[in-house]
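Visitor: Sequence:
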Amino acid sequence: MNEGWAMPLVVTGALPTKYHYFVGNISLCGRWFILGRVHVVSRDDDDPGNCTVCHRRLRKRRMER
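Here the numbering used here is used: the first residue of the sequence shown is 2, the next is one more, and so on.
For the record, the hints were derived by calculation from the structure and aren't laboratory data. Misleading hints may appear alongside valid ones.
Unchecked claim - As a list, the in silico SDA-like pairs of lysine to any residue whose alpha-carbon atoms are at most 25 Å apart: (1) K19 with H40; (2) K61 with P9; (3) K61 with N26; (4) K19 with R38; (5) K61 with G50; (6) K19 with G5; (7) K19 with R60; (8) K61 with D47; (9) K19 with R32; (10) K19 with W33; (11) K19 with E4; (12) K61 with D48; (13) K19 with L36; (14) K61 with S43; (15) K61 with D46; (16) K61 with G25; (17) K61 with R44; (18) K61 with E4; (19) K19 with D47; (20) K19 with D46; (21) K61 with R32; (22) K61 with C30; (23) K61 with W33; (24) K61 with G31; (25) K61 with P49; (26) K61 with V11.
Small disclaimer: the values here were computed from a predicted structure and weren't measured.
Can you build the whole structure from these sequences, using the hints too?
Guide: Following this line, the structure appears as structure tokens:
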């Protein structure tokens, strides 16, 4: 499974301003869906450039494991 921080690339519509955490092709915040492969980048989970909703849900997800 492809999982990690990524910046969605869009052709039309609102451009993302933050990195989002993807599990499979869906971001944890539920705002983004990527068709095809997610290109994950290495990022610090606490980076201010990350989506705060994704960050909060990622922390909760890791605590439940």
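Visitor: For every hint, state whether the structure bears it out.
Guide: Right, here's what the structure says about each hint:
1. K19 with H40: Since the Cα atoms of K19 and H40 sit roughly 15 Å apart, the hinted pair holds (cutoff 25 Å).
2. K61 with P9: With Cα atoms ~23 Å apart, K61 and P9 stay inside 25 Å; holds.
3. K61 with N26: holds (19 Å)
4. K19 with R38: holds (19 Å)
5. K61 with G50: holds (19 Å)
6. K19 with G5: holds (13 Å)
7. K19 with R60: Distance ~17 Å between K19 and R60 Cα, so the pair holds.
8. K61 with D47: holds (14 Å)
9. K19 with R32: holds (12 Å)
10. K19 with W33: This hinted pair holds, its Cα atoms lying about 11 Å apart.
11. K19 with E4: Since the Cα atoms of K19 and E4 sit roughly 16 Å apart, the hinted pair holds (cutoff 25 Å).
12. K61 with D48: OK: K61 and D48 at ~17 Å, within 25 Å.
13. K19 with L36: holds (19 Å)
14. K61 with S43: holds (20 Å)
15. K61 with D46: It holds: about 13 Å lies between the C-alpha atoms, which stays within 25 Å.
16. K61 with G25: holds (18 Å)
17. K61 with R44: holds (18 Å)
18. K61 with E4: holds (16 Å)
19. K19 with D47: The given pair, whose Cα atoms are some 12 Å apart, holds under the 25 Å limit.
20. K19 with D46: holds (12 Å)
21. K61 with R32: Distance of about 18 Å is within 25 Å: holds.
22. K61 with C30: Judged against 25 Å, a Cα distance of about 12 Å means the pair holds.
23. K61 with W33: Holds. K61 to W33 sits at ~19 Å (cutoff 25 Å).
24. K61 with G31: Since the Cα atoms of K61 and G31 sit roughly 15 Å apart, the hinted pair holds (cutoff 25 Å).
25. K61 with P49: holds (18 Å)
26. K61 with V11: violated (28 Å)
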